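Guided by the hints, dock chain B onto chain A, whose structure is given.
Residue numbers (this note's numbering), protein chains in the order written: chain A, 1 to 218; chain B, 1001 to 1435.
Rather than coming from a laboratory, the hints here were simulated on the basis of the structure.
Since the structure is predicted, the reported quantities are computational estimates derived from the model, not experimental observations.
Among the hints, a few may not be true.
To be verified - Below, computed lysine-lysine pairings styled on BS3-like, alpha-carbon distance capped at 30 Å:
# : chain 1 : residue 1 : chain 2 : residue 2
1 : B       : Lys1318   : B       : Lys1357
2 : A       : Lys101    : B       : Lys1318
3 : B       : Lys1304   : A       : Lys101
What the hints assert, rightly or not - Not close to chain B: a few residues of chain A, all C-beta gaps over 12 Å, as computed:
#  : residue
4  : Asp36
5  : Glu57
6  : Ala65
7  : Pro73
8  : His141
9  : Pro148
10 : Ser169
11 : Gly182
12 : Gln201
Every residue, glycine too, gets a C-beta built ideally from N, C-alpha and C.
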Amino acid sequence: MQGAWWALGIAVASIAALAYYAFVVLPARIHRWRCDGLRAFARLIELRTQGRYGNAEPMAELASAVAQRLGIPLHERRRMELAVYLRDIGMVAIPYYILNKPTPLTPAERDLVGRHAEIGASITEQIPGLWHVAPIVRLHHVVYHEQPDAPLAAHLISALEDWIRVAESADADTAASVLKQGAGARYHPVVVQAILSEVQQRALDGVQSLTRSAALWL
Amino acid sequence: MRRQRIRSWMLVLGAAAVAVLMHAGVPFAQAQFLASFAGVALLAVAAEVLLIRYPLRPEYSDRGIWLSVSTPIVIAVILVYGWQFGVWLDALITLVAGTMMVYLRNIHPRWVAVNTFQSVLSAWAAGIATTAIFDSGSDVWSVAAAGALVLGLFVYMLVNGALVSMTVALAEGVRLRWVLAQTLLSLPRDIVLMTPIAFLAMAALHTYGAVGLLGVLAPYLALRQAFVLAARQQELYHQTIRSLGFLVQRAHPYTGGHLQRVSMWARRVAERLGLPPDRCELVYEAALLHDLGKTVLDERILNKPDRLTPAEWEEIRKHPQLGAEILRDTPFLAPIIPWIALHHERPDGAGYPFGLKGDQIPVEARVIAVVDAFDAMIGGEAPNQRRPHKRPLSLDEALAELEQGAGRQFDPQVVAVFQQVVREWRVQREARAGA
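Bound conformation, chain A alone (with noise of 0.2 Å):
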């Protein structure tokens, strides 16, 4: 009897690890998977607009911090950070002449290149998989005193999405200080407040991961 004591524990023991494989380490597991995929057709983007859109790396790291200092829950942060990816999808479907064009662009062309989140959107509805992340996308430019009930990970990425674009091409505390002005107006005030946290604590840290990467264009 003392061997079967034995079996049931080893028994046990494994059905609780396949418990943990099962619930824990696959859906993690898919996760990445899911990203992974998705990251081509983010570079497809950042290729096609010579890096000016798409580029999901720095961000997607950063709006997961964000997102987990906001006490987002982690299905609801997956399905943001595949938003990440594929949220500049619909610039497949803007004309190449527009995306590069050197000169400023005419309002109309502007109007144009403002679809892209509505075109992502709907491309995105359209595969099974990822229907559920199409919201976020169309709504990754949202403006917070127009939608306000606007998911709050498409709050974040749309302020965080400005906050990277003036960090580089300026410096972190103009992107500081621009994110403050539209708190409540442009932005959500509650992710402004945990973008500047996280990303002072950064500062502190010393860590400088927010240089966008080098040659794109091979």
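What follows is chain B alone, placed relative to chain A:
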């Protein structure tokens, strides 16, 4: 003809299954009738909940296989009560769950019958194999019992996989070898996942009877989750490739289904060249995505009907490397990156981007080069893509041109095999047109 074949296959399966059931007799007349029946009812419900759609490669079948994970319990029943019970139990479970699926998910009743026959035969095979090393009903806490358990699972999955593959191959008209490679690939993992559950089920049945199976329900859900996610992973892989393929078609519009067909040819060539099966699948993927880099280029150049200027050519010649660059951060597609980057290299060293020669170019890239060139010659692209000064060639003319380029532009061995493949395809097509 395909219909006839599947019909006779079903008849053979059905006859064999009925023979097995008659051989097994009606074991429920024995003492455990009531307890077993409770177990059966429970299992039927569980199996209905637990049924999983396992996707095959999309070009084989959009339907996929419906997989129920009742196997561990069937094996446990075989070991504790004897194979006669196992066979009947599996038949009932598959029938009940299958009938539910007919109503719930709109599956054709024919598949329920086929599945039931397959289950009966698999359970029978597992039963015969296990009785060789273990007497049903004896002490389950022994090495012999554990060995018989693993053996039973193995035999069941093997036989079932083989039968299912045969059915899919007949129903979808694809090669048995391909489907078999797909279904048997996950066999070791499935056995590892199922063994603890089967052991627990066996111990519970032995100690507490059919009621003990209730205790197995929770781990069952975990097992199911593992299978669902494993299937999902497979699906994600195909979805990624499919979606990228759509983007390629958008940038470089081919006529419908054409890209798929040349990719099939590429795979067949790779197969004939003796590449391992998983490599052949990747050749298919790479052939589908070889022009991925064109999605990044200016569509005004791609769609230009006149001759291109040197600067525009320069732009076009970037596309192999751009395609590779797009896939740079996608590890599961890493093997095909070099093939995409090198699909415009030539054996004589006159290709681009690097001017590699002969054996420096991977054989997969040489295959894709031939298929791609052939496709361009026969005018595979949409009409607005055809250059006005080049009329599309007939199949024979294109094959002759390939032969002329063999050794300089193309790998002669690949060209020879490719010619064979295309000729066979044509014979098949004509046979089909005649019938």
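Okay, the hints, checked on the actual structure:
1. Lys1318(B) with Lys1357(B): Distance of about 19 Å is within 30 Å: holds.
2. Lys101(A) with Lys1318(B): Within the cut-off at roughly 20 Å; holds.
3. Lys1304(B) with Lys101(A): 19 Å, holds
4. Asp36: 5 Å, violated
5. Glu57: 8 Å, violated
6. Ala65: 20 Å, holds
7. Pro73: The assertion about proline 73(A) holds, with a minimum of 19 Å to chain B.
8. His141: 22 Å, holds
9. Pro148: 33 Å, holds
10. Ser169: The claim holds: serine 169(A) sits with its nearest Cβ about 24 Å from chain B, beyond 12 Å.
11. Gly182: 32 Å, holds
12. Gln201: 27 Å, holds
Hints 4, 5, counting from the list given before, are not met by this structure.
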